[in-house]
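Enquirer: One-letter residues, chain by chain:
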Amino acid sequence: MNDNDTVAVVRDSLAAAKDSLAEVRMDTPLDAIARNGRARRRRHRLTGVTGAMAVMAGAALAATTLAPSGQSSSPSGRGAGHAPAERLAAWTVNRQANGDIKVNVRQLSDPSGLQSTLRADGVPASVTVLGHPGPSCRPYPMSQAMFASVYLADKPAASGDTVLIINPSALPSGVGVQIGATAGRDAGGAGLHRGDENQAVHHAVHQPARQAGAHNSVLRAVLVYASQQCTGS
Amino acid sequence: MRVRGMERGPREFAEFYESTRDDCLRIVLLNVGDRHLADDLVAEAYTRAWISWLKVRELEVPRAWVVRTALNTHVSWWRRRRREVALGEHDTAMPAEQDALVSGDLVAVLRRLPARQREVVTLRLLLDLDTETTARILRIAPGTVGAHLHKAVATLRAAIPTHDSQEISK
Numbered sequence: 001m002n003d004n005d006t007v008a009v010v011r012d013s014l015a016a017a018k019d020s021l022a023e024v025r026m027d028t029p030l031d032a033i034a035r036n037g038r039a040r041r042r043r044h045r046l047t048g049v050t051g052a053m054a055v056m057a058g059a060a061l062a063a064t065t066l067a068p069s070g071q072s073s074s075p076s077g078r079g080a081g082h083a084p085a086e087r088l089a090a091w092t093v094n095r096q097a098n099g100d101i102k103v104n105v106r107q108l109s110d111p112s113g114l115q116s117t118l119r120a121d122g123v124p125a126s127v128t129v130l131g132h133p134g135p136s137c138r139p140y141p142m143s144q145a146m147f148a149s150v151y152l153a154d155k156p157a158a159s160g161d162t163v164l165i166i167n168p169s170a171l172p173s174g175v176g177v178q179i180g181a182t183a184g185r186d187a188g189g190a191g192l193h194r195g196d197e198n199q200a201v202h203h204a205v206h207q208p209a210r211q212a213g214a215h216n217s218v219l220r221a222v223l224v225y226a227s228q229q230c231t232g233s
Numbered sequence: 234m235r236v237r238g239m240e241r242g243p244r245e246f247a248e249f250y251e252s253t254r255d256d257c258l259r260i261v262l263l264n265v266g267d268r269h270l271a272d273d274l275v276a277e278a279y280t281r282a283w284i285s286w287l288k289v290r291e292l293e294v295p296r297a298w299v300v301r302t303a304l305n306t307h308v309s310w311w312r313r314r315r316r317e318v319a320l321g322e323h324d325t326a327m328p329a330e331q332d333a334l335v336s337g338d339l340v341a342v343l344r345r346l347p348a349r350q351r352e353v354v355t356l357r358l359l360l361d362l363d364t365e366t367t368a369r370i371l372r373i374a375p376g377t378v379g380a381h382l383h384k385a386v387a388t389l390r391a392a393i394p395t396h397d398s399q400e401i402s403k
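Heads up: the protein sequence lines correspond to chains A and B, in order.
Just so we're aligned, residue 1 is where the first sequence starts under our numbering, counting upward by one.
Just so we're aligned, residue 234 is where the second sequence starts under our numbering, counting upward by one.
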């Protein structure tokens, strides 16, 4: 058998291997690709604009702030069905016209309130400040593409709030969202990470400015298996 | 009417994405053997293509760029993950049925090839590009493409059961 014959045999065998994957299809919708691309462009622009300031501040990638213990958190937020006009202390939740849920977080000072608000709006949700999913929640394995279709990280608000947009219709059946704040030991890791200790796949969402007197922390979003104990349904 | 580039870009990208995404995913999956990972890598590559579409669309073979970008991203992720702690049980990747889809001696050998040989095999045999195009994409001489292909094919050929060996094994 000469070289050309050998190449032909290998080519045919590889083609057969590829053909055996005919059922495998790229499920990521074009919209998710474009959305990721736009978000990354914004992030790059933001990095360029704020880079010098971040270096001067020495705390460039703090993602959000935890309210100091005991700080009043009232009023903390609004239900998703309400008008978004009022500016609130810790966080706001608003349903957008397309059904997405937009969460603005300045301080995660009332996680149970945020959790209740999201659940009341039909999102199986767990909000925690534990920094890990907690014993009653099991992380749901997911691809970056799935993550991107559920959590649509928006540009930071002008105020510096962390902005997270949840697309409930993209949640697989039996899956909920978990939002949590954790201490900022790895606050520099804006982006998708795998296999980081107890975290499954998590994402440090956009970063507001550090607030004086507040703890430095990272806001994380993951998917978890929905259950009564974890996400309320 | 002449369509301006900025208006044409999204539509062109959409057409490119729809027409190439499944094939690119299968090629990357053959190379990495993990469906979730392949999904992530290809989505990442297309995201980069979307961001740089005005440049990528001018390339000789844009889908080759996507596949190469996905595989190069895999290399950098793998290097990074080596430094991380072991994955938790929730982060296991491929269900058994997916594993079965892409198992086989040939594919296993493909994944063990040196990176450059694997790249040449991917471009020449999986994307079906000719030697000259492969050489231009990899920025190496056509003769070097031939040398890599020769070595890779010899290795891969050994993993393909011959008719004789099949008869013997019966």
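These aren't lab readings, by the way, just hints derived from the structure by calculation.
Since the model is a prediction, treat every value here as computed from it, not as a measurement.
For each residue, glycine too, the CB sits at the ideal point set by N, CA and C.
Errors might be hidden in some of the hints.
Chain B side only, calculated, beta carbon under 10 Å to chain A, not exhaustive [said to hold, decoys possible]:
no.: 1; residue: E245
no.: 2; residue: L287
no.: 3; residue: R290
no.: 4; residue: W298
no.: 5; residue: A348
no.: 6; residue: D361
no.: 7; residue: I373
no.: 8; residue: A387
Enquirer: All hints, please: hold or fail.
Expert: Now the hints, each set against the structure:
1. E245: At about 12 Å, which exceeds the 10 Å cut-off, the nearest Cβ of chain A leaves the hint on E245 of chain B violated.
2. L287: With Cβ-Cβ at 12 Å, over 10 Å, it is violated.
3. R290: R290 of chain B check fails; min Cβ-Cβ to chain A is 14 Å, beyond 10 Å.
4. W298: The hint is violated - W298 of chain B has no Cβ within 10 Å of chain A, the shortest such distance being about 15 Å.
5. A348: Status violated, d = 17 Å.
6. D361: holds (8 Å)
7. I373: Not OK, violated: I373 of chain B not within 10 Å of chain A, min 18 Å.
8. A387: Holds. Min distance 7 Å.
Comparing the model with each numbered hint stated earlier shows that hints 1, 2, 3, 4, 5 and 7 do not hold.
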